[in-house]
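Number of protein chains: 4
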Amino acid sequence: MSQPSSAAAGTSTEKSWQARISEATDAIAQAFVESVSYDWRLYKQDVAGSVAHAHMLAACGLLTEDERTTITAGLREIEREIDASQAAWPGFKPEYEDIHMCVEAELIRRVGEPGRKLHTGRSRNDQVATDLMLWTIDATRELGTLYENVLKAFVAMADRSADVVMPSYTHLQRAQPIVAGAEVLAWAEALARGLERLVRSAERYEFPLGAGAIAGSSLPLDRKQTLWSAKRMGILPGDTNPLAASSIDATATRDTAVEFVFGLAMIAQTLGRWAEQWIIYMTTEFGFIKIADRYTTSSSMMPQKRNPDMLELIRGRTANVYGDLFALMTLLKGIPIGYNRDLQEDKRLLFRAYDTVTQCLTMAAAIVGSASFDKARIEPTLDRGFLDATSLAEYLVTKAVPFRTAHHIVGTLVATCEKAGKHALGQLTVDEFNAVLADHNVPARLTDDVYKALGAANVTERYQTIGAAGGKPFRDQLAGWKRRLGM
Amino acid sequence: MSQPSSAAAGTSTEKSWQARISEATDAIAQAFVESVSYDWRLYKQDVAGSVAHAHMLAACGLLTEDERTTITAGLREIEREIDASQAAWPGFKPEYEDIHMCVEAELIRRVGEPGRKLHTGRSRNDQVATDLMLWTIDATRELGTLYENVLKAFVAMADRSADVVMPSYTHLQRAQPIVAGAEVLAWAEALARGLERLVRSAERYEFPLGAGAIAGSSLPLDRKQTLWSAKRMGILPGDTNPLAASSIDATATRDTAVEFVFGLAMIAQTLGRWAEQWIIYMTTEFGFIKIADRYTTSSSMMPQKRNPDMLELIRGRTANVYGDLFALMTLLKGIPIGYNRDLQEDKRLLFRAYDTVTQCLTMAAAIVGSASFDKARIEPTLDRGFLDATSLAEYLVTKAVPFRTAHHIVGTLVATCEKAGKHALGQLTVDEFNAVLADHNVPARLTDDVYKALGAANVTERYQTIGAAGGKPFRDQLAGWKRRLGM
Amino acid sequence: MSQPSSAAAGTSTEKSWQARISEATDAIAQAFVESVSYDWRLYKQDVAGSVAHAHMLAACGLLTEDERTTITAGLREIEREIDASQAAWPGFKPEYEDIHMCVEAELIRRVGEPGRKLHTGRSRNDQVATDLMLWTIDATRELGTLYENVLKAFVAMADRSADVVMPSYTHLQRAQPIVAGAEVLAWAEALARGLERLVRSAERYEFPLGAGAIAGSSLPLDRKQTLWSAKRMGILPGDTNPLAASSIDATATRDTAVEFVFGLAMIAQTLGRWAEQWIIYMTTEFGFIKIADRYTTSSSMMPQKRNPDMLELIRGRTANVYGDLFALMTLLKGIPIGYNRDLQEDKRLLFRAYDTVTQCLTMAAAIVGSASFDKARIEPTLDRGFLDATSLAEYLVTKAVPFRTAHHIVGTLVATCEKAGKHALGQLTVDEFNAVLADHNVPARLTDDVYKALGAANVTERYQTIGAAGGKPFRDQLAGWKRRLGM
Amino acid sequence: MSQPSSAAAGTSTEKSWQARISEATDAIAQAFVESVSYDWRLYKQDVAGSVAHAHMLAACGLLTEDERTTITAGLREIEREIDASQAAWPGFKPEYEDIHMCVEAELIRRVGEPGRKLHTGRSRNDQVATDLMLWTIDATRELGTLYENVLKAFVAMADRSADVVMPSYTHLQRAQPIVAGAEVLAWAEALARGLERLVRSAERYEFPLGAGAIAGSSLPLDRKQTLWSAKRMGILPGDTNPLAASSIDATATRDTAVEFVFGLAMIAQTLGRWAEQWIIYMTTEFGFIKIADRYTTSSSMMPQKRNPDMLELIRGRTANVYGDLFALMTLLKGIPIGYNRDLQEDKRLLFRAYDTVTQCLTMAAAIVGSASFDKARIEPTLDRGFLDATSLAEYLVTKAVPFRTAHHIVGTLVATCEKAGKHALGQLTVDEFNAVLADHNVPARLTDDVYKALGAANVTERYQTIGAAGGKPFRDQLAGWKRRLGM
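Protein chains in written order, with the working numbering: chain G, 1 to 487; chain S, 488 to 974; chain A, 975 to 1461; chain Z, 1462 to 1948.
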C-alpha cells in the first residue's frame, strides 16, 4: 500500500503543518498504542498461563518433554527477574507493545527454538483474556487477605463498643436505640458481602485459553488438559471454573473484567457510605466518633479542628471506581464481536479500580483500628427523641394489643408527654399509661413492669430477633464474627 | 410547629409568588412522594411476604391460627382482585403513598382486628426490602422463561446456518473462516451467561424480613420460621438464601437491586453488541444477513432500503439500561446508613431496566427467528483476505515447523502470491510452497496434501479444539445446545 | 424479500415456539418502535417549525400564498386541538409512529393537496432535530419562569435570615462564622449559574431545518429565510442562533439534547447538595433548620420525628438525572454518522430529565418558602470551635504581623485557652495576648480594641471583601439579588 | 486528644494485626492524601494567581512595593526552575501535600519575611479553585492550537476528496449520493463546535480568588483589583469573566471543572463516532478509506490485514473520558457545601480527561493527514441503492407535483425498475416515466431533461441548499473552512 500521506500533501502550507503533525506524533503514536507500561502487571499470570499451555502442548505431543522443561524453566527465570525488578525489568520494551510479546521475545532470546513453539495454537487474543482472568483471581485472593485485617478492625471496634448505647438513624433522624457495636457490624456485613460477591464470581469465570484468535485451532489441542493443569497449579479458585464454550465469545467478551470492577464498585460504595456516616458522626454537633489524629488534618490556628480528610477521600474515591466501571461498560457498548483493540483499555481501568479500592480498604482498617465511640458525649443525649416508643408498642403487643392499635396508643402517650412537659415516656405514671389504654378501649392494664421496656439502655437489651441491634442478638453476631475471624 | 411560610411573607409581592408556589405544589407534592403509581407492581410479593410473616407470627403465638387464616384469605382475595384489575385496582390510593399501606389498609377494612396485627414486628423498611427481593426473584424466573424462546431462536438459526461458511472478524477485519452458526452460538453463550449471573445472584440474596425499621424487634419473633415459610411457599429460589445477618445492614443496603440491574445491564450490553454486529451485516456492502421485513422500516421511495430500526433501538436501549444502573449506583453514593427516602427511587429504575431488557429480548427472539445468512452473497467473497493463512501455519506445525517460524513462512507465501498476482494461497504450486520452506532452512517438504488445509470450507471443517468455530467442535456445541433446550 | 422466518421453521417443536414468539411480538413490535406516546409533547414545536418552513417555501415560490395560508391555518387548528386534548388527541395514532407523521397526516386529511406539499425539501431527520431544538428552547424559557419563584424563595429566606449568625462548615467541621442568609444566597448563586448555562447554550444552538435527510436538497430552498422566519416568530432565543453549517452533521448530532440534559444535571447536582446540607441541618444534633410539616413525614408514634422525605427525594433524584445524562451520552457513543434510530430515545431521556428537575425545583421553592433558621438553637453554640481564630489572625495582619506569623500566634493563643480552660479567645486578657506576641518577637501590642475582632457576631460584621458571608458584602449581595428579582 | 488506637489494642492477637496495619499504612496514608504528585501541573497557574494576588495586596497597602517585587521575582524564579525540571523539581515534597504549600514554602525559604505575607487574605480553598480555573483556561488555549492542526487535516482531506462521489448513510444504509469531502467537513463542524463550547464556557468562569476559606476576609482587600490584574496579565480569556459573587459558593463549586470535562467528553464522543465510521469504511467489504500503514497494525501472516488499532483506541478512549466525567459528577453528588477534601480528586480526573483527548486529537490529525478515499473502489458501486430517488422526487416537485405525490411516483418507478430487471432509474425511458405520471393523474410530463437529475454524480452536483453535501454548497463550505484556517 502506498503512503496516502504523500499524496495528501498538496500545497506547501499543508506540507508544513502536516510535517509538524508527523514529527509530533511519532512518539505519541507509540505511546498511544503500547500497553506494556501498565499491563506488565500481568507478568505472573502470563507466565502461569504459558506454563499451563506448554504442559498441554507436551501432553498432546506438540512439545517434547525436554522442550516443555526448557520453556517452563525459562519462563520461571523471567518471572523471578520481574519479581525483583518489577516495572524496571529491561525486557519491557515499548516497541513490543504488550507484556505477552515482551515475555515471549525474551524467552526466545534465552532458550531459542523451543521458545518459538510456545505460541502454538494460541493467540494474543485468548492469551490476554486468560491473563486478565488469572489476574482477577489473584487479586481477589489478595483482597481476601487484606479483608481479614479490615474485618478484624471493624469487629474489634464492635467488641470495644459493646457497652455503648446510641441512637440509630433512619432518614438521618433518630429512630431506635442500639448498641453502637451493632452499627459497626452492619458495615462489616456489607463489606463482607462485597468480597463474597467477587469470590463467587471468580469461581465461575470461564477459562478462555485455547480459543485462539477467534476460531479455535485446527491442531489436536486438548483444552481440558490446559484447564486441568491450571487447576493443578492452583491458579484457578477450585474445581468450578468451566472451559469457555465458544471460541468466538471467549475472545470477545470482557464479562470477567466487568464483574470484577462491578464488585469493586460495590465495595467502594459501602466504604463511601461508611465514610459519609462517620464524617457526620465526627461533626462538632454529633461528636459520636473519635479517630486518631494522624487520620485527620488539624490546623495550627484552629487546633480543635479535626478535618476528616481521609474519610472524605474515601467517600470521594467511590466516585473514581464508579467512573472506572462506567468507562469499562461504555467501552464495550456497541462494539462488534471478536477482539477489538478498544479492549486493551480494560486493564487500565481494572488496575486503577483495584488500586483505589485496596488503598481505601487499607486506610479504612487503619482508621477503624484507631476509632472509638465517645460514650460520654452520646449517652446524655439518649433521652432526646422518644427512642423507646417502638419498644413500648411492642410491649403492648405482648399484652394482647394489636400492633396498629398499640402504635396509636403510643402516639397518644407521646403527645401526653409533650403536653405535660415530660421529655420521656418513662416519666409517665402507671396511671397515665392506663388512662390512655382505657381511652382506646383496650382491656389490658399495665404495672410497674412497663418501665423495663423504657429507656434506651433497657430497650437495647430487649432485642430478641436474629440480627437485631442489641441484646443477645448483638452478642451472637459479635461472637459469630470473632469465631469466623479467629479472634 | 408553626408555619414558617407565613412568617416568610413580607411584602405583597412576595405573598403573591409564595401563594402561587403553594397552589402549584399541593398536587405536585403528593405526586412527588407517592410511589404506588409504580410500586403497585410489587403486590404479589407484598402479599406473599405478608403470608410468610403471618405464618411466623402464628407459629410464635402472636396470631391465633384463626387470625392467620383470616389474614391469609384476605390477602389472597386482594391479590386476585389486583391480578384482575392491575394498576386500576381501586385500593391503590395515592394518599396511602405506597403498595404496602394500600394493601394493609384494605386488609384491615375487610377483615378488621386481625388485620391490625399483621404489621407486628415488621416495618415498611424491612417489608419493602423483602418485596423488592421477592420481585427480583420472580422477575429472574420470568426472564428464564423468556430466555427459553430467545435461546431457541439463536440455536435454531445456528442450526439452519450450519452449512454457511463465512469470514470471522477481529478489529472488524476479516480473520479466519468460520461456520456462520458458530457466531450465532457465540451470542447464545454470552446471553446465557447473562441469565446465569442473575440466577446465581438470586440464590444468595439475604432475606431481610424481621429486620424491622432498623434495629430488629423486642418481640419473640422467629426469623428462621419466616425464612422456612418463604422457602416452603416457593418464593425463594431454593435452600440457599440466608437470613440477613444484621438488621441495620438489611434495611440500608440495596445490593439486591443493584446486582439485579447490573445483571440486566450486562444482558443489554450483549444485545447491543449483537445488534451492532447485525446492523453492519445488513449493510449493502456486507449483505450477510436478511431479516423479516416487519422488523425493518422500508421506504416507498427507496424500496431496496431496509433500515434495521429494531436493531438500532436495541443497540440504543443498551444505553438506557446503563443509565438506570448508574442512576441506581449514584443514588446510593454517600447516603447514610438506615433507610433513607432516596431508596424509594430504586424500584422506578429497576422496573424500567427490567421492562427495557425484556422488550429487547422479545424483539431479539423475533428478529433472530426471522433471520438467515445470505449464503449466496457471502460465499463468493471467501477468497478475499487469505482467511486460510492461520490454518496453513498450523498445518506446518504438524510438519514439525515451530509455530513462530511457520508464521513467518506463511507471511512470505502470502507476499509471493501478491507478487504473482494470485489472490489465494491455494493457487500456489507445491514447488512454490517448498521453495519457501527451503529458504527458511526448514527440513519439512509438502505434498498435495497441503491443499486440504486451504480454502475457507476446508479450514472450517478442520477445527479440532473444544469451542472452535467449525467442524466437529461446532457440531458438538450445537448438539449440546439443542439437548439443553430440548430441541 | 421472502420471509426467512418460514424457512426457519424446521421441526414442529420449533414451529410452536416460533409461533408463540410471533404472537407475542406483534403488539410488542409496534410498542417497541413507536415514539408518539412520548414525542407528542413536541407538537407545538412541530407546528411552529412547519409554519416557518411553509413560509420559506412560499418565499421561494414552492407554495402559493394561498397554499401557505391554508397550511398554516390547518396547523394552528391542529395545535389548538392538541392544546385542549393533550395526549388524548385522536390524531395520535401509534401506527403513524411519531408526532411528525401524525400531524402531517391529519393536515393532509383536513386541507388536502396543499398539505401534500408541506414536506417539500424536508425530511423527518431535520424535522425532528428542529423540533427537539425548539422544545429545549421553550423548556429553557419555562425553566426561567419557574426559576423566578425558586430564586425568590431563596432570596426571601436569605432576607429573613439576615440577622442569624451561624457557623460555616468546611469538611463539615465548623470553620468561620457567617450570616445564615449568606449560605442561602450561595445556593441561589449556584442555581442561577445553572439556568444561565442553559440560556447561553440555547443562544448558540444551530438551526438544522433544511438539512433534509442527510444531504440537503436540490430544490432552490432558502434556509436563511427559514431561520429569519423562526426568529421573527420568536421561537428562537434571539439573533444569535446560526444555521447548521453541514447538513450531514446537522442530522447526526445530538449536541443540543446533550447540552440541555447536562445543564439539567448540573442543576440537579446543586439541588442534591443543597438537600443533603439541609438534611444534616435538620437532624436532632444540628437542629439549624425548620421546614413546614407538610414537607416532612411525621409518625404518629414518634411525633418528634420530622423525616425530611422531600429533601431526600430531591437528593436521590439527582441520581436519576445523572442517569439520564449518561444514558444519552452512552446512546451516542460510537454510533455512525447520519440519522440512526437509536437517536429516537433522546427525547425519552430529555423529557424525563426535564420533568424531574422541574418537579424538584418546584418542591425546593416550596420547601425554602416554608423554612427558617432556628436562631435560638444555633446562637448558643457559636462559642464552640474558636470560629473567630481567622478573624484574629487578620486583625494581627492589620497590626503589621505577617500572615503566616499571625497564623502561628493564634494557634498558640488557642492552645493557651485550652490549657487555661477557657473556651473562647475573647476570654483571654490583653496581657495574655501581648505575652504571646512578645514570645513571637513581634513588635505589635494589642489593646482592648482586639475584642471587636472576636466573637462570632463581631466577626461576621467585619467581613469586607466582595462576596463575603457577612457584613456589608452580604448586604450588598442581598440587595443585588432583590434588585435583580424585583423584590 | 489521646490516641484511641492504644485503647483499641485489647488482646495480643489484635495487637499483632493492628500493628501490621499501622506499619502498612504509614506510607500508604501519606500517599493517600498527597496530591502534589499530580497537582504539580498547576505550578504556572499557582504562580500566576499569586502574582495577581500580590499585586492586589500591594495596591491595598498590605504589601510594600518592594515586598511585592521580591515576592514576584521569587515566584518567577521558582516557575522557571519548574519549567526546566517539571515533576522532578526538588521543591515538590509529599510532606507538603500539594503544589500550593510546596511553592509557598520554597518562596519563604528563599525570600524570607515578605513570603510570609503572601497568603494574606487567601486560603488554599480559593487558591486551588483559582489555579484550577486558570489551568482550564490555559488548557483550552492549548486545545485551540492543537485544533488548528486537527481542523486543517480534516479540511485538507475534504479538499482532496472534492471529486469523490460516494453514498451517504442513514441507519448505516445507503441514502443519497454526496461528495466524500462533505462528510469529512461534517466531522470538522462537530469537532469545531466542541472547541467553541469550551471557549465560550471559559469566558464565563467566575473568578474565585479572594473568597478565602469560605467566608471571605475581614481585611480591606479589593477583589476587583485582583481580577483586573489577572486580566492584564492575560491569564483570563478576556473581559468577560466576572468575580465569583459568593465566597461560600466560590469555594464549594466545581462547575468550572465539570464544564471543562463535559466539553472534553463531547469532543471525545465526536472522535469516537468518527473512528467508528472509519473502522467500518476500512473493512474489506466497504473499502472506502485508506490510511497510512503506520496507523494500522499489520500481520506478517496476513499482510492484507490492516487492523485500524489507532481508530479502535480512539473509539475506546471515548469511554475513558466519559468515565472521568461521570466520576467527577458522582464525586460532587450529595456532598455538603464548603470545601471538602473529596474535591481534591477533581484534578486527577480533569488532567486525565485532558490528556486522553489531546492524545486522541493528535492521533486523529495524523491519521486524517494520511488518509484518502478509494475512489476506484467506491464509484463502481454508486449504482446500487437507487441513490437518486430523492433527487428525482425533487425534480418532479419542480414540475409542480406535490412532494408526497412525487414521493409515491418515485416509489412506483423503482418498483418498475425492479420488475424490469433494471438496477437504476436512469435506465427507464422517458415513456416509462410518463406512463407512471399519467397513472398518478399528474398533468406534468417529462423530457430527456430528467436524466440530468439522475445518477449519483449528477445528483451530487445539483444540491442547492446551504450546508448541502455536494455542488456549490459543498464548495462554499470548503472555501469557508479554508478561509477560516488560512489555508
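Quick caveat, the hints were computed from the structure, so don't treat them as lab data. Warning: the hint list may mix true and false statements.
Said to hold, decoys possible - Here are some chain A residues pointing at chain G (derived, C-beta under 8 Å):
(1) K1067
(2) Y1070
(3) H1145
(4) R1206
(5) G1208
(6) N1215
(7) T1257
(8) L1356
(9) D1357
(10) R1419
(11) K1446
Here the structure is a predicted model, which means the values were calculated and not measured. Where a beta carbon is used, it is the ideal one built from N, C-alpha and C, also for glycine.
To see whether the hints hold, each was checked on the structure:
The interface hint given for K1067(A) is violated, since its Cβ lies 32 Å from the closest Cβ of chain G, which is over the 8 Å cut-off. Because the smallest distance between the Cβ of Y1070(A) and any Cβ of chain G comes to about 29 Å, over 8 Å, the interface hint for this residue is violated. Taking 8 Å as the C-beta contact cut-off toward chain G, the hint placing H1145(A) at the interface holds, the least distance being around 4 Å. Hint on R1206(A) is violated. Least Cβ distance to chain G is approximately 42 Å, over the 8 Å limit.
Evaluation of the G1208(A) hint against chain G yields a violated restraint, the C-beta minimum of about 39 Å exceeding 8 Å. Nearest Cβ of chain G to the Cβ of N1215(A): about 31 Å, over the 8 Å cut. The hint is violated. Because the smallest distance between the Cβ of T1257(A) and any Cβ of chain G comes to about 5 Å, under 8 Å, the interface hint for this residue holds. Nearest Cβ of chain G to the Cβ of L1356(A): about 11 Å, over the 8 Å cut. The hint is violated.
With its C-beta approaching chain G no nearer than about 11 Å, D1357(A) sits outside the 8 Å limit, and its interface hint is violated. Of the supplied interface hints, the one on R1419(A) is violated, with its beta-carbon coming no nearer than about 21 Å to a beta-carbon of chain G, more than 8 Å. Using the Cβ-Cβ criterion of 8 Å, the hint placing K1446(A) at the interface with chain G is not satisfied: the shortest such distance is roughly 25 Å.
The structure is inconsistent with the numbered hints 1, 2, 4, 5, 6, 8, 9, 10, 11, although it conforms to all the rest.
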